[in-house]
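> Each chain is listed here by its residues.
There are 2 protein chains.
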Amino acid sequence: MNESSALLTDRYELTMLQAALRSGAATRRSVFEVFTRRLPDGRRYGVLAGVGRVLDAVENFRFTTAQLDWLADQKVVDEATLEWLRDYRFSGDVRGYGEGEVYFPGSPLLVVEGSFAEAVLLETVILSILNYDSAIAAAASRMSAAAGGRPLIEMGARRAHERAAVAAARAAYVAGFGATSDLEAGFAYGIPTTGTAAHAFTLLHDTERDAFVAQVESMGRGTTLLVDTYDLGEAVKTAIDVAGPELGAVRIDSGDLTLLAHRVRRQLDDLGADKTRIVVTSDLDEYAIAALAAAPVDAYGVGTSLVTGSGQPTCSMVYKLVARAESADPDAPLVPVAKRSAGAKASRGGRKWAARRLDAEGVAEAEIVGTGPVPGELTDRLLHRDLVRGGEIVGREPLSAGRGRHLRSRAELPISATQLSRGEAVIPTEYLAFG
Amino acid sequence: MNESSALLTDRYELTMLQAALRSGAATRRSVFEVFTRRLPDGRRYGVLAGVGRVLDAVENFRFTTAQLDWLADQKVVDEATLEWLRDYRFSGDVRGYGEGEVYFPGSPLLVVEGSFAEAVLLETVILSILNYDSAIAAAASRMSAAAGGRPLIEMGARRAHERAAVAAARAAYVAGFGATSDLEAGFAYGIPTTGTAAHAFTLLHDTERDAFVAQVESMGRGTTLLVDTYDLGEAVKTAIDVAGPELGAVRIDSGDLTLLAHRVRRQLDDLGADKTRIVVTSDLDEYAIAALAAAPVDAYGVGTSLVTGSGQPTCSMVYKLVARAESADPDAPLVPVAKRSAGAKASRGGRKWAARRLDAEGVAEAEIVGTGPVPGELTDRLLHRDLVRGGEIVGREPLSAGRGRHLRSRAELPISATQLSRGEAVIPTEYLAFG
Chain A
1 MNESSALLTD RYELTMLQAA LRSGAATRRS VFEVFTRRLP DGRRYGVLAG VGRVLDAVEN
61 FRFTTAQLDW LADQKVVDEA TLEWLRDYRF SGDVRGYGEG EVYFPGSPLL VVEGSFAEAV
121 LLETVILSIL NYDSAIAAAA SRMSAAAGGR PLIEMGARRA HERAAVAAAR AAYVAGFGAT
181 SDLEAGFAYG IPTTGTAAHA FTLLHDTERD AFVAQVESMG RGTTLLVDTY DLGEAVKTAI
241 DVAGPELGAV RIDSGDLTLL AHRVRRQLDD LGADKTRIVV TSDLDEYAIA ALAAAPVDAY
301 GVGTSLVTGS GQPTCSMVYK LVARAESADP DAPLVPVAKR SAGAKASRGG RKWAARRLDA
361 EGVAEAEIVG TGPVPGELTD RLLHRDLVRG GEIVGREPLS AGRGRHLRSR AELPISATQL
421 SRGEAVIPTE YLAFG
Chain G
1 MNESSALLTD RYELTMLQAA LRSGAATRRS VFEVFTRRLP DGRRYGVLAG VGRVLDAVEN
61 FRFTTAQLDW LADQKVVDEA TLEWLRDYRF SGDVRGYGEG EVYFPGSPLL VVEGSFAEAV
121 LLETVILSIL NYDSAIAAAA SRMSAAAGGR PLIEMGARRA HERAAVAAAR AAYVAGFGAT
181 SDLEAGFAYG IPTTGTAAHA FTLLHDTERD AFVAQVESMG RGTTLLVDTY DLGEAVKTAI
241 DVAGPELGAV RIDSGDLTLL AHRVRRQLDD LGADKTRIVV TSDLDEYAIA ALAAAPVDAY
301 GVGTSLVTGS GQPTCSMVYK LVARAESADP DAPLVPVAKR SAGAKASRGG RKWAARRLDA
361 EGVAEAEIVG TGPVPGELTD RLLHRDLVRG GEIVGREPLS AGRGRHLRSR AELPISATQL
421 SRGEAVIPTE YLAFG
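Taken in sequence, the protein lines are chains A and G. According to our numbering, the first sequence holds residues 1 to 435 in order. According to our numbering, the second sequence holds residues 1 to 435 in order.
Hints are not guaranteed to be accurate.
Note that the list lumps identical chains together, so a pair holds whenever it fits in one copy or between two copies.
[What the hints assert, rightly or not] Straight-line alpha carbon distances no greater than 25 Å define the calculated DMTMM-like cross-link-like pairs of lysine to aspartate or glutamate that follow: (1) LYS275 x ASP256; (2) LYS75 x GLU246; (3) LYS275 x ASP241; (4) LYS237 x ASP206; (5) LYS75 x GLU217; (6) LYS237 x ASP69.
To be clear, the hints were calculated from the coordinates, so they are not data collected in a lab.
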């Protein structure tokens, strides 16, 4: 999709723009940051995903004539603001964590710098993308850790908004899944797609044998036959009878998967089909996957729990103004700012950098967040990459880069990171040099 | 958005198509139904939303040349199947519950009839839409019941995938919300949009007073001022000082909302601003809304919990083949079919109709689901509408129709339906005439 992202925006971004244009504050140089105050309950690390999609959204944040006409017609903003929006394109800078990177409370995930006017407009769409994609990536990462080396297939499209499903497939791929059922995710992002048949295909034919014959004739013996429409044992027998021991795989989509996997494995082996793999796909989540570790399962298909973030369908990332110029003068110094009201919503002012501190064994021991210049003696790994410079997208990378980054950064975490039990963030966030 | 929906589809729909084209079964007349086996834990009714979006998706389910080239390049299906897809458009019939209608386990929400080939392809995108939109509508309905007559504003865009957010605003509007912050939802669906300013606007200016002056000058005294950036009491005082007692509203976005609403109401009244309304917007869900019933609150803004379905971010709707012809002959009789394996996934075969039975006082007492012809003596309200006939979309209606239908059908339910406590489905589903 390459269409305008400009109206994927809360109305108040535009009304703030209008008021700031009028007050003259709109041109004050400003720094907004994306961060989260906490991880979801019990989670030990977060996983950033959606960075590439954010870059697309920034690039496509242009108002079309039809959109401007609608804004005028609805009197969302005044004429002067419409004129300003007509020429809008982001001309500032964005730095941030790389796609797939793990994160912790307070990690400055994205730092957006520009005039207030141009930076405030991006709030909603940036948060939409990062909050959803990172929720999926966090769940996917737990599942891929639980699966050990066994392949994972994302197949949750039917349980998510149809476009969210595509983003979910992408985020899952970043966090360790190997394939998706979603064709659009293949088309748009080059993610490997997979899939063979549903129960409807068996029910359509007069007999299960007819269905298996039709499928094998069409897709070859390497296909995956779904064996739980009627009687599982009969189906496995028929499957090997039809396809021979070269059958690629059988899929089990219901019942006690541990028990059935053992039974089907034995049956397949007895039939000489010891290379035929077993794929299981019934309401799996990271706990069910972990519980199947000792069962003879060759691949997992995961749907609902993946695309809903396994109980945490969004993150709590926010986009906050942390510093702004004293005046509209382009050389005016930046002043740190922060909400100060009572309650849990206070935040730390000032533009931030971040680094991950590793111990002598290369195990992460702290997330270091600082303001001001990075100390010259700092030996920790800095976490920000340049994403946008003077309005130009400079941070694009192939999805495989995010995939690799995720595996590396997760591997650096203390072992307890991938325990499924509830716990605190696996490393602390330490703040340096706050004034 | 008017672009192709054809790849928002699981790969196995296309591979089943290929195998069925080859076996000859593809042309068998088939009936698929969308239903759910259960409501989410503790919920007493479901709310169908997304019907209008399904009709758009059916209409836009055409493969573009670029999509076909990609399918060929990836060898997803063979040449004969690609040729078939090139001319695809759905030419069958769809009947179903109206948008906004309440539903129960087993309700046949959508009945899709056509050749196996043309009907199977629609599975994924139909389920994506209905499962997401109905999850949001169910949450929105609980919130709107809890809010009594007070207005509700949807403002969760930043916590959902950017396109899902638009669908969420639409579903919330069907189920009783009055407005949304999401501009695209206004642009695409005509939903009223609202919004004024965030904390960033106050922080941008040198003082809170400067910010309030700028906002009131730009948006008039009827605007809503956000009063919890620094000190709430000071901010309310400044707000009335700047805008006068004609100030439209103040918004509180953090803290103990019951306590603060009372305090702010008293302060506003003391300042002579007894018409100035109070809007609250901090992490609300249906329980928090209900708890604020006795507080002097005039409107609720709801974000995260709405767009994530308040703990139930998806429904468990499935799309199942329930009947298909004995042969490819267009006059061949339909045979009911159903998965029969062990476990909870068995289903009832046969094409279904549905009706709601009301008692003498007009209170719903049962969901009646039957196969075969509708009994002539049936006096219960039939629930299916024609949506697509011979491939032509005939069921479009304005969003206001779904909004009205939801209010009416919810009002018919027993009073316990809108209790927030956990419980069973508020009326039973009764099956008639299953052979």
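> Up to 25 Å between alpha-carbons, please classify LYS75 paired with GLU217: within, between, both or neither.
between (61 Å within a copy, 16 Å between copies)
> If the cut is 25 Å between Cα atoms, do LYS237 and ASP69 qualify within a copy, between copies, both or neither?
Classified as neither: same-chain Cα gap 65 Å, cross-chain 38 Å, threshold 25 Å.
> State whether the alpha carbon distance between LYS75 and GLU246 is at most 25 Å within one copy, between copies, both, or neither.
Close across copies (21 Å), not inside one copy (67 Å); limit 25 Å.
> Under a CA distance limit of 25 Å, which applies to LYS275 and ASP241: within one copy, between copies, both, or neither?
within (15 Å within a copy, 79 Å between copies)
> Indicate which option fits the pair LYS275, ASP256 if close means a Cα-Cα distance not exceeding 25 Å: within, between, both or neither.
Answer is within; shortest intra-copy Cα gap is 22 Å, inter-copy 62 Å.
> Using 25 Å as the alpha-carbon threshold, which applies to LYS237 and ASP206: within, between, both, or neither?
within (18 Å within a copy, 77 Å between copies)
Of the numbered hints given earlier, the model fails hint 6 alone.
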